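> The residues making up each chain are set out below.
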Amino acid sequence: MMQIPCIWCGPRDENEFVCGGTSHIARPAVEAADQEWGEYLFFRDNPKGVHLERWRHVYGCGQWFNVARNTVTHEILHVYRMTDVPPA
Amino acid sequence: MSGHKHWSPAWRDAAPKSRYDVIVVGGGGHGLATAYYLAKNHGLTNVAVLERGWIGGGNTGRNTTIVRSNYLYPESARLYDFSLKLYEGLSQELNFNIMLSQRGLILLAHSRHDLDSMAGWANAMRMNGIAAELLSVAQIAELAPALDLSPSARLPVLGGFCQRRGGSARHDAVAWGYARAAAALGVDIIQNCEVQEFVQENGRVAAVKTSRGVIRADRIGIAAAGHSSVIAKMAGFRLPVTSYALQAMVSEPIKPVLDTVVLSPGTGAYVSQSDKGEIVMGAMLDLFPSYAQRGSFAVTQAILAATLELFPSFSRLQLLRQWAGIVDVVHDSSPIIGPTPLPGLFINCGWGTGGFKAIPAGGWTFAHVLATGVSHALAEPFQLERFISGRLIDEAAASGIAH
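Those protein sequences? They're chains A and B, same order as listed.
So for the first sequence, the working numbering puts the first residue at -15; every next one is plus one.
So for the second sequence, the working numbering puts the first residue at 21; every next one is plus one.
Don't read these hints as lab results, they were simulated from the structure.
The structure presented is a predicted model; accordingly, all values stated were derived computationally and were not measured.
Each hint should be verified, as a subset may be incorrect.
[Stated by the list, open to error] Computed list of chain B residues with no C-beta within reach of chain A, every gap over 10 Å:
no., residue
1, K37
2, G81
3, R123
4, D136
5, G149
6, L178
7, H247
8, R258
9, T287
10, T392
11, I408
12, I413
[Claimed, not checked] Straight-line Cα separation of at most 27 Å, DSS-like style, residue types lysine-lysine; simulated pairs:
no., chain 1, residue 1, chain 2, residue 2
13, B, K253, B, K37
14, A, K32, B, K229
15, A, K32, B, K296
16, B, K296, B, K105
17, B, K25, B, K296
18, B, K37, B, K60
[As the list claims (entries may be wrong)] Some chain B residues near chain A, calculated using beta-carbon distances under 10 Å:
no., residue
19, V261
20, Q321
21, L324
In this text, a Cβ means the ideal position worked out from N, Cα and C, and glycines have one as well.
With the sequences and hints as input, model every part of the structure.
Next up, the structure:
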């Protein structure tokens, strides 16, 4: 079981959390074309390697935060706030 | 009797030629079926299947071997029932025993809401010409006496429905049967051959660079399931796919106790018994992106807990093996079978958690578009373009079970 370090509560078991998918996806303008809206809603990088993703500590503090995690090893590389800039 | 000696190889392990008419990337069930139907239905025999590891070693060897066609929308019902019909004739067609066992598939209703939605679901199937029967608790007791059907059960069973044509097939035999039949028609099956790059000429795909050299082709098809996004990235485009681990497990083998397939959509658990006697269990996805073929212990626990609520008598069994496959999940839980943004390159992906049952139809329709350049009628609704137009075939929201 993964141990996820919540930025507020510290490391907890993965089943206290829910993954909210890819972080840092910018919402297009209302007048954007269908192509752009489709890309925004459905298309993802889905990397085999480091993935920047949102998690919520549902059965804890209830807060959202960002995680940089390797999708092959499940190693967690960084944890950062929703408003922080993504790690390089 | 020769004491299991002197077996001849079932199919030819080929070395790559420099050029093919069609290359299929991925030697799982879908890739091998595609190659077979390219040769059988379209007369294209200068075809190669490129497999990174060994054939049938990805999701084809990691599923729970269930076949069924209990879908809600007409587009899905047509496609998946075509697949089940091909499965029904496949042992004859391939002259290879795929051990198809149409032992029936029961879905359990644990609440009044489940009963209502299952009545709607079974009726939708009938409207699509696929037999489905609503079941009383007494009928379920007859079909699966090992289930805990007591009113005090943690997951009380109020009824359910059944697709009697559903069941299971031997997964390795499906891969090997298609491989054997395709190789006999002249298809090259090339293992340990990883695609590393696509070569483009005049705005079209012209060749693949692989771990075993450059191979040219007029048309290339991707059938790589959970690794579809990785392959698509090499070709310069993205897919509406997220890869997740879907796990399954088996107990030690025991004497026959369950001769049907039981699904509990409320918990996600589904249980059957293999011909070897193992209790085969699966359930929900590990709901975070993953390319690790192992699965998380948190979900293993949840699957086992749900299974034991349904079948308390299984509590003494020892778990023999647990594994995961990487599945390509799209938002509407429907597949993508057709062209990609790169001319000459086609894709068959997005089957998510339900690719095994779809192998014959996936292969048939993918071979059609690779051979003719035009989508098969059954595959027309299942194009990449639907994620731009919004014309989704939303089985995910419709039936509420993993597909």
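> For each hint, tell me whether it holds in the structure or not.
Hints, verified against the model:
1. The claim that B/K37 lies off the interface holds: its Cβ sits roughly 29 Å from the closest Cβ of chain A, which is beyond the 10 Å cut-off.
2. Against the 10 Å criterion, B/G81 stays outside the reach of chain A, whose nearest CB is about 19 Å from its own CB.
3. Consistency note on B/R123: stated as away from chain A, and its beta-carbon is indeed over 10 Å from all of that chain's, at 34 Å minimum.
4. The claim that B/D136 is not at the interface with chain A holds, since no C-beta of that chain comes within 10 Å of its own (minimum 28 Å).
5. For B/G149, the condition that its CB be more than 10 Å from all CB atoms of chain A holds, with the nearest at approximately 31 Å.
6. Remark: the non-interface label on B/L178 is consistent with the geometry, its nearest Cβ contact in chain A lying 29 Å away (cut-off 10 Å).
7. The claim that B/H247 is not at the interface with chain A is violated, since a C-beta of that chain comes within 10 Å of its own (minimum 7 Å).
8. Against chain A, the non-interface label of B/R258 is violated: not every CB pair exceeds 10 Å, the least being about 5 Å.
9. Distance check on B/T287: its Cβ is at least 15 Å (rounded) from any Cβ of chain A, clearing the 10 Å threshold; non-interface status holds.
10. The claim that B/T392 is not at the interface with chain A holds, since no C-beta of that chain comes within 10 Å of its own (minimum 27 Å).
11. Not every beta carbon of chain A lies more than 10 Å from that of B/I408, the smallest distance being close to 4 Å; the non-interface claim is violated.
12. Remark: the non-interface label on B/I413 is consistent with the geometry, its nearest Cβ contact in chain A lying 13 Å away (cut-off 10 Å).
13. About 25 Å separates the Cα atoms of B/K253 and B/K37, which keeps this hinted pair within 27 Å; it holds.
14. Annotation: proposed proximity of A/K32 to B/K229 holds, straight-line Cα distance about 20 Å (limit 27 Å).
15. Simply put, A/K32 and B/K296 have alpha-carbon atoms about 35 Å apart, too far for the 27 Å limit, and the pair is violated.
16. Between B/K296 and B/K105, the direct Cα distance comes to roughly 25 Å. Compliance with the 27 Å bound is thereby established for this hinted pair.
17. Between B/K25 and B/K296 the alpha-carbon distance is near 23 Å, which keeps this suggested pair within the 27 Å criterion.
18. Between the alpha carbons of B/K37 and B/K60 the distance comes to roughly 21 Å, so the proposed pair stays at or under 27 Å and holds.
19. The beta carbon of B/V261 is positioned within 10 Å of a beta carbon in chain A (closest approach about 6 Å), and the interface hint is therefore held.
20. Satisfaction of the interface hint for B/Q321 is found here, the shortest Cβ-Cβ separation to chain A being roughly 8 Å, below the 10 Å cut-off.
21. For B/L324, the shortest C-beta to C-beta distance to chain A is roughly 14 Å, which exceeds 10 Å, and the interface hint is violated.
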